[in-house]
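If you read the protein sequences in the order shown, they are chains A and B. The first sequence begins at 320 in the numbering used here and counts up one residue at a time. The second sequence begins at 13 in the numbering used here and counts up one residue at a time.
What the hints contain is simulated information worked out from the structure, not anything from laboratory work. Any given hint could be a false lead.
[Said to hold, decoys possible] Pairs of lysine-lysine, DSBU-like flavour, derived with a Cα cap of 30 Å: (1) B:41 with A:421; (2) A:378 with A:412; (3) B:96 with A:542.
Here the structure is a predicted model, which means the values were calculated and not measured.
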Amino acid sequence: MNRLRIIAFVILSAITTVSAHADKAGDALLDRCIQAETKTPLVQADYSSEIVRGKQTVKIKGHFVLKKPNIAHITYSGSGGDKDETIHSDGRKMLHYMESEKQYTKESPDLSGGNVVRSANSLEAMVFFNPDMLNQFRGLGSGLKITGNMTIGGVVCQTLQALGRDSNTYKIYIGPDNLLHGITQIIGKGDRREVLESRLTGVRTDAASATVALNWTPPAKAKLVEQITYQAASGGSGASPGSGLLPLNSIAPAFSLPTVSGNKMSLADLTKPNKIVLVNFWDYG
Amino acid sequence: MLAEFKGKGFDIVAVDIGDDAATITKFWKEKDLNLRVLMDSDGKMAEKYKVSGVPCNYLIGNDGKIIARYEGFDEMGIRASLAKAGIK
Numbered sequence: 320m321n322r323l324r325i326i327a328f329v330i331l332s333a334i335t336t337v338s339a340h341a342d343k344a345g346d347a348l349l350d351r352c353i354q355a356e357t358k359t360p361l362v363q364a365d366y367s368s369e370i371v372r373g374k375q376t377v378k379i380k381g382h383f384v385l386k387k388p389n390i391a392h393i394t395y396s397g398s399g400g401d402k403d404e405t406i407h408s409d410g411r412k413m414l415h416y417m418e419s420e421k422q423y424t425k426e427s428p429d430l431s432g433g434n435v436v437r438s439a440n441s442l443e444a445m446v447f448f449n450p451d452m453l454n455q456f457r458g459l460g461s462g463l464k465i466t467g468n469m470t471i472g473g474v475v476c477q478t479l480q481a482l483g484r485d486s487n488t489y490k491i492y493i494g495p496d497n498l499l500h501g502i503t504q505i506i507g508k509g510d511r512r513e514v515l516e517s518r519l520t521g522v523r524t525d526a527a528s529a530t531v532a533l534n535w536t537p538p539a540k541a542k543l544v545e546q547i548t549y550q551a552a553s554g555g556s557g558a559s560p561g562s563g564l565l566p567l568n569s570i571a572p573a574f575s576l577p578t579v580s581g582n583k584m585s586l587a588d589l590t591k592p593n594k595i596v597l598v599n600f601w602d603y604g
Numbered sequence: 013m014l015a016e017f018k019g020k021g022f023d024i025v026a027v028d029i030g031d032d033a034a035t036i037t038k039f040w041k042e043k044d045l046n047l048r049v050l051m052d053s054d055g056k057m058a059e060k061y062k063v064s065g066v067p068c069n070y071l072i073g074n075d076g077k078i079i080a081r082y083e084g085f086d087e088m089g090i091r092a093s094l095a096k097a098g099i100k
């Protein structure tokens, strides 16, 4: 799904801050959506997306069960060589199962659903786990404007649109529940033009119906191919996962501290000559 | 581990929370460890990094972003993250 991943994240990098003309109603609608997404502990929905890039079209269908802060059961099937996948995170581990290969990978969970979002390539999932990211829409070229209605799976949604540079167009569809029901992104021109349409239908927020999916295990014959650990599940001074380290991909706070010999050293001193620095906290006292 | 990856774009720095230079030097000498140690005497850096127990490790990329973090020392996890970043 690498191709999809690129497109889904284009929106984050394409955001520019050309003098935005704020539309009060549009801003208020986005506020309500951020609040509703933040307050909703669980959402399940059918998912469909279509990505058109040049002459290529990739269609994906699936089902989402997402539960804050990092629990998910996502099933996908689609064209473009990405057949039948299951992404399952129970808060202790995340499994990514590929039906075509009868294989799955295993990761420790990201505290705020980050690895679910990366695996799922879905802005809708990203918004559910990190509603604040919607604020980035405000910085888009034209600012946010309500441009009309759009019916998605029988639900009448309001269209919130922003126009970026190079006639890039971003639309998000917000339902009467104030939740996100779909996204349209039109990015680039000519051969590089990409159109992404994704929709959530049958959106439900009641917990009971989702429990079966959240108890999923991979098929007995499936093979574990790779174990990825982002964070130790145990060890240290009884610290448990989820006890609140800084989020992944956030900017590490700057520091400048004396070494034992008295010279000062900053984070930049360390990261400049290196690709990766391990900062190891100890306490011998 | 440092010896294995040093010079390949990877470095380790230890941050000692709340000890003075003499204690730290003594400890490292006893353990015969050769690591760069920064002194976070007032614990402010640990607070900024929300460290609630030691050992606690952060992997930071040269863009300043947090690549991974671990409560405890997860060598397998760190190795996996380094491999992902192309450091072998």
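Against the structure, the hints:
For a cut-off of 30 Å, the pair hint linking residue 41 of chain B to residue 421 of chain A is broken: about 51 Å separates their Cα positions. Note on residue 378 of chain A and residue 412 of chain A: the hinted pairing holds, with a Cα-Cα distance of about 28 Å set against a maximum of 30 Å. About 21 Å separates the Cα atoms of residue 96 of chain B and residue 542 of chain A, which keeps this hinted pair within 30 Å; it holds.
Hint check: a violation occurs at hint 1 only; the rest are consistent with the structure.
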